[in-house]
Structure formats: C-alpha cells, structure tokens
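When you get a sec, could you build the whole thing from the sequences and use the hints?
Quick mapping for you: the protein sequence lines, in order, are chains A and B. The first sequence begins at 47 in the working numbering and counts up by one. The second sequence begins at 224 in the working numbering and counts up by one.
There could be a bad hint or two in this list.
Derived lysine-lysine pairs resembling DSSO-like cross-links, with alpha carbons at most 30 Å apart [to be verified]:
{"#": "1", "chain 1": "A", "residue 1": "K307", "chain 2": "B", "residue 2": "K501"}
{"#": "2", "chain 1": "A", "residue 1": "K219", "chain 2": "B", "residue 2": "K501"}
{"#": "3", "chain 1": "B", "residue 1": "K324", "chain 2": "B", "residue 2": "K501"}
{"#": "4", "chain 1": "B", "residue 1": "K342", "chain 2": "B", "residue 2": "K352"}
{"#": "5", "chain 1": "A", "residue 1": "K307", "chain 2": "B", "residue 2": "K324"}
{"#": "6", "chain 1": "A", "residue 1": "K373", "chain 2": "A", "residue 2": "K289"}
{"#": "7", "chain 1": "B", "residue 1": "K395", "chain 2": "B", "residue 2": "K342"}
{"#": "8", "chain 1": "A", "residue 1": "K347", "chain 2": "B", "residue 2": "K352"}
{"#": "9", "chain 1": "B", "residue 1": "K260", "chain 2": "B", "residue 2": "K501"}
{"#": "10", "chain 1": "B", "residue 1": "K501", "chain 2": "A", "residue 2": "K209"}
{"#": "11", "chain 1": "A", "residue 1": "K209", "chain 2": "A", "residue 2": "K373"}
{"#": "12", "chain 1": "B", "residue 1": "K362", "chain 2": "B", "residue 2": "K324"}
Since the hints were made in silico from the structure, they are not lab data.
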Amino acid sequence: MSTNGNGNACYVYPGAPATPGFVTPDVLFQRGIYMNGSMTFDDGKSVTIWGFTDLAAGGGGGGGGDQMGGGSFPSPAIRVTEGQIVHTSLSVNMMWMHTIHHHGIEPSTENDGVGHLSWDVYNGTYTYQWRPQHAGTYFYHCHVNTPLHAEMGMYGALIVDPKPTPGDPAGTKRAFYNGPTYDVEAIWACDEIDPAWHTLPWYAGTCGGDVGLNNLNPRYFIITGVDGASSALTNPAVAVNMKLGQTLLVRYICAGFYPQKISFGGLIASVVASDGRPLPAAWNTGAIEAHSAERYDCIIKPTSTGIWTVSIQYLHWRTGAVLGTAKTRINVT
Amino acid sequence: MERRGFLKAGTAGFASLMTGTGLLSWAPRAEAATINKTLYITAGTQTMPDGVSIYVKGFSDSSADLNVPATPIICQEGDTLQITIINRLAVTHNFVIGGLKAGDPPLVSSGDIAGGGSKTITYTIPTGKAGSYLFYDNKTSYNVFLGLHGGLAIMPAGSSNQLYSGSPTFVKQLFWVFNDIDPALNNAVQNGTAVPTSLTPRYFTINGQTSLPPGAVGFDDPTKDAMANPETQLAGSVGDRTLVRMLNAGMCSHAVHTHANHMEWLTDRGTVRPSVWKKDVLYLRNQLGKIDAIYPFEAPPDAYPPVTTGHFPMHLHDEMSQTAGGGLYLFGAMTDIVFK
Ligand SMILES: [Cu+2]
Numbered sequence: 047m048s049t050n051g052n053g054n055a056c057y058v059y060p061g062a063p064a065t066p067g068f069v070t071p072d073v074l075f076q077r078g079i080y081m082n083g084s085m086t087f088d089d090g091k092s093v094t095i096w097g098f099t100d101l102a103a104g105g106g107g108g109g110g111g112d113q114m115g116g117g118s119f120p121s122p123a124i125r126v127t128e129g130q131i132v133h134t135s136l137s138v139n140m141m142w143m144h145t146i147h148h149h150g151i152e153p154s155t156e157n158d159g160v161g162h163l164s165w166d167v168y169n170g171t172y173t174y175q176w177r178p179q180h181a182g183t184y185f186y187h188c189h190v191n192t193p194l195h196a197e198m199g200m201y202g203a204l205i206v207d208p209k210p211t212p213g214d215p216a217g218t219k220r221a222f223y224n225g226p227t228y229d230v231e232a233i234w235a236c237d238e239i240d241p242a243w244h245t246l247p248w249y250a251g252t253c254g255g256d257v258g259l260n261n262l263n264p265r266y267f268i269i270t271g272v273d274g275a276s277s278a279l280t281n282p283a284v285a286v287n288m289k290l291g292q293t294l295l296v297r298y299i300c301a302g303f304y305p306q307k308i309s310f311g312g313l314i315a316s317v318v319a320s321d322g323r324p325l326p327a328a329w330n331t332g333a334i335e336a337h338s339a340e341r342y343d344c345i346i347k348p349t350s351t352g353i354w355t356v357s358i359q360y361l362h363w364r365t366g367a368v369l370g371t372a373k374t375r376i377n378v379t
Numbered sequence: 224m225e226r227r228g229f230l231k232a233g234t235a236g237f238a239s240l241m242t243g244t245g246l247l248s249w250a251p252r253a254e255a256a257t258i259n260k261t262l263y264i265t266a267g268t269q270t271m272p273d274g275v276s277i278y279v280k281g282f283s284d285s286s287a288d289l290n291v292p293a294t295p296i297i298c299q300e301g302d303t304l305q306i307t308i309i310n311r312l313a314v315t316h317n318f319v320i321g322g323l324k325a326g327d328p329p330l331v332s333s334g335d336i337a338g339g340g341s342k343t344i345t346y347t348i349p350t351g352k353a354g355s356y357l358f359y360d361n362k363t364s365y366n367v368f369l370g371l372h373g374g375l376a377i378m379p380a381g382s383s384n385q386l387y388s389g390s391p392t393f394v395k396q397l398f399w400v401f402n403d404i405d406p407a408l409n410n411a412v413q414n415g416t417a418v419p420t421s422l423t424p425r426y427f428t429i430n431g432q433t434s435l436p437p438g439a440v441g442f443d444d445p446t447k448d449a450m451a452n453p454e455t456q457l458a459g460s461v462g463d464r465t466l467v468r469m470l471n472a473g474m475c476s477h478a479v480h481t482h483a484n485h486m487e488w489l490t491d492r493g494t495v496r497p498s499v500w501k502k503d504v505l506y507l508r509n510q511l512g513k514i515d516a517i518y519p520f521e522a523p524p525d526a527y528p529p530v531t532t533g534h535f536p537m538h539l540h541d542e543m544s545q546t547a548g549g550g551l552y553l554f555g556a557m558t559d560i561v562f563k
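Below you can see the structure in the form of structure tokens.
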C-alpha cells in the first residue's frame, strides 16, 4: 500500500522519473494541474472542476504553485501531426497525484499514464514521450482514481492531423492521410455530470469505504464543457456556423461513462473514421450509438441552408433509460 | 428455500470458488464427436475484494465445486452436445444455450429442473452455427446475475484458427465473461425475501474475478487477481493474434477498452460486421450482449523509441466498473495485457 504525503490515498504509485530514451521532441506540451475550477450550468448552479493547465501559456493553476486555481474546461487541446515526436510534460505538486493517458495513443508502458503499471506523477514532472502513427480523434485524461478524476473534468481533446497529402494546396484539411477534406471542424466531447461526485477529495475511496463511485446519477449533460440544456444551442465554441457548400467534420467524443446516442437532426453523416482509424468504407447514418471513450469522425455536407438541431441522449448503463439530452445546432447559411 | 441447497453444498465441503477458466486450447477433429458434460447447479459464497461475502450460484464441474462462471465448453460444428444438468439446490432452475444472433431462439433449453432433479439436453450442431455463445439460467430474470452462466465456443468444422468460416485468423483464443453484482439481489435470493426492483451493482467481475493492484492482498495471485490469471490476461509476443470472446452476463452495458493495440472488431451480438473496424473501445451491450474481436499483438504503434514488451491494461471505460463497494478504484473488471 502506498500513501501520499497526506496519508490519505491507497493503491497509488507516486513517481516522477526521467523519461526512458528521452530525445528532443518535435513538439512539446506542458501541462500543470488545477483543482479548484468550476462550471456553471444553465440553472445557475455550479460544480467544482479539475483539469490540466497549459504552463506554456502561463496557466499555473491560477494560484501559482499550489494548483488551487481554475482553468479551462475541457483542458487545453493537444494537437499534433502524425509522425511527430511529442512530449507531454505533466507537473504535479505534493498535494495529489495525477497522470496523463493519451487515450487511443499506444505508446510504451512508461508513457501510457497508467499508475499501477508505471507511476502516478507526484511532486515533480514526468514527460510522456510518444510518436503518433495514425491521424484521427483521440482525447487525453487522467488515469488516477479514474472514475472520479475523469468525472471531475480532467480531460481534453487530442487531435492527430495527417501528414499533408502531396499536391494539396496549403491549408487543405483532411481527416486522415488522403482522406476526406473539410472546411469547418467541431469537437463535441459529450459528458454527463453528477454533482454529488464533485464534492469528493482526489483520493476518495482509494482506501476502501463507500463513496458512491459505482453509482453515477448525472443531472447535467454537457458538450465540450458547455451545458447542453440550452447554452450549447448557441455557444460559438460548440454550435456550428457554416456556409452552404462547405464541408463539416464533427469529431464526436463520448467523454462520459454512460452510453450515448447522437442524432444529427435529420442530416446524414458520413462516418469516415473511429477511434483514430479510418473505416474500410464510410458509413452513412443519421445517428450513432456509442459508449464511453469511443470517438467517431463524421463528415457532413448540408445540401441546403437551414438550422439542424443535434441531440445527444445519455442512456443509463443498466436500464437504457434516457437520463438527459444535450443539444446543439448546425446553422447553414 | 435457498438455505437448504446452500447448506447441502456446504456440507459437501466444497473447497474453493473456482473462477476464470477462459483460455481455450483446441485441436480440430475430422469427425464429429459427442461432447458429454455434466454440470452441477451449486451455491455458496464468494468474497469480494472489500471483504464482503456474496451468495452466488454456478454451473459447476462437480457437486463440490462452485464455478463462476462455468468452465467454458468448446466444440465444433457437427458435434453433438449431450449435457446433463444436476440441480443440487432446492429451487427450480433451468439451462439455456442462447442463440447465435440477437433475437434468435435459444439453441437448446432444458425446461424446468426441479430442486434435487436433473435433465439431459442433446443438441447436434448444424453447420453455420460457429461462434460464441452464452449459456445461462433464465428461470428468472436475475438467475444469470447470480453466477449461473458460462461461455460456449463452436468452432467451424475442421478449423483451429477461425471464428467462422473465412474469418480473420488467430493464434490463441480466450473468453472474457463479465458480470455485475448488486449484493441486495444476492442477499434477497439467499434469504428468500423480495428481489429488489431496482439494482445498483457494487462489484464488477471478469471471468469471476476482479483486478487486484500492487499492494493488495492477493495481488499477482492467479487464483484471485484477474490481472494475473493466465486464463483471463492477454499475454503474447508480437504476432500472437488472440481471439477474445466477450460475453456480457451482467446487468450493465460496458465499454471494453484495450491499451497498446486496437482490436479488430469481428462480430456484434453474433452478427458478423460488414467490415472489420479497428477500435480501442468496443460497446458490449447488456442483456446477454456479445462481441468477438482479435487483439493483434502488434508492437505498440506510437511508442518512441519502439518497444515490443510491456504491461498494459484492458479495462472497462465505464469507470464505475473499476471499483468495488463504492470505492477501491483498481478493484474491478480489468485484466493485464502482457507483451512478452
Ligand atoms: Cu487525476
């Protein structure tokens, strides 16, 4: 049994060693921690949010070195190009432990961010070294006491762009190498929030005792950090505004723990990739059923102007009952 | 009324709960065979990782055993299954082999097996039935959750390395049988009280076990730790493509997530997928959902410098399933992926 400096955590594996085979990277992301952020919902209530900060942008957690400030939710995106050697450094103080697991990226054990098979970053910095080989949609999240830390908001988008396809004009955007092009991009990380979980300490339950981590009762249903009750219908970070003739790529991330069903409001999506891999053939559908951590890359080419309401239903894992619905819009002018 | 059977099993002196017999060895036969098997419906207790004792029932290998899940059965198209089920308990049970595809009728059903009684089912497997199956008790809607379930693999006739005729090939195969346990149900059955109308599982098992992290009692003990059980863990060298027959006997849907490699997704609920998608998460439905997938054991593609060895988790991404008793993260439905 291991404990942190406060003696409150069990089955954690603190460490911050040197990176095996450390080389100079092509790109570096420096992540810190914030443990006192918040999200306010459309009903005026709010919950505590934890996440990763961008240290290069001066995001020290809002409170200097104590990591007791706030930060963006979801955490700042990591965007790289396939074939790059990437460093993600994670700095954690002596108050808690966290890791970064680059979900869907498949690096060595040491760089996978799974504490019981390597270490939980504590009182120092560990630099995750990896080289993505497959363009597509991923996400990164903490893998310490994961039911709680992921629910608390410790995740962000991870996009791997393809190498340029020869002959493409500068600025051409493709879903994957030689894959479909797009003009407009939406990243919809769909998550559910149970406020009861958002009052727990970082180590909750790790030494035993019932803190309710088997029992998720979500009350809020969000899209990329925005309440899906009504805000996401118009929030410019979520809702899509595009011109007729443009092509939209929706990167849909099932970022919660319960199954979801996303419906495109009557538009037909051409699903071209999932989980960072192109599909052998595009799948045309008006809706997708997905479970926790699945990703689907959806090409949408509206054929007329109009407003389409996209809905995400969140389904109970046992009963299948619809627990809530988040909505946003695709506006085509 | 369950008490009598429980005591009977107890006085038979069963030594230990048997769990997690997933790894299958198989040599195809040129001739069909009759597979004779006797299953004993027994009951007893299983200790959860937080020390809570849970009443369970199983289709066991002997009257002195308690197998949860049952020892898997492997056979081939053309074989005749001749299975005798002996009910060692006091209440009526039954035995059903579910159909291949969602909505298919069962391959075979025993009908009621009264307490203390037995039934023998005989079923000759026609061509076209190759695939992965759950067998279970559906006398009640909840008997399957108590542990009365197991996996059946029907191989294509003459094949040792295909799921169905013409499927992508594999080197090894194993079962992951998942279950979700709400002690309120198990207690009610044990005590003969009303079964709860709403269930909230508190324990989550793979082949009858949970993972146990470093430092925990039983860590790395293959009889206790699903991470260490050679019949559950995915272990191989680069190239050891392994078919995993994922069967959901539990009450919740799950998101099966492998690290280090994407899986080749072959079937969903018995139906062959139109094409093979490579996925790091597979949506395993509840209500007896099934998925077949091949873990390809390719060198982890995104490692730098490149590696061919390591330890990685397979865990369910609906992270509530990674807990026990409402806490104890890392004591849930997870196993080890070992690149040797
Ligand atoms: Cu964390």
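Okay, the hints, checked on the actual structure:
no. : hint            : result
1   : A:K307 x B:K501 : 20 Å, holds
2   : A:K219 x B:K501 : 23 Å, holds
3   : B:K324 x B:K501 : 22 Å, holds
4   : B:K342 x B:K352 : 24 Å, holds
5   : A:K307 x B:K324 : 22 Å, holds
6   : A:K373 x A:K289 : 21 Å, holds
7   : B:K395 x B:K342 : 33 Å, violated
8   : A:K347 x B:K352 : 42 Å, violated
9   : B:K260 x B:K501 : 37 Å, violated
10  : B:K501 x A:K209 : 20 Å, holds
11  : A:K209 x A:K373 : 33 Å, violated
12  : B:K362 x B:K324 : 21 Å, holds
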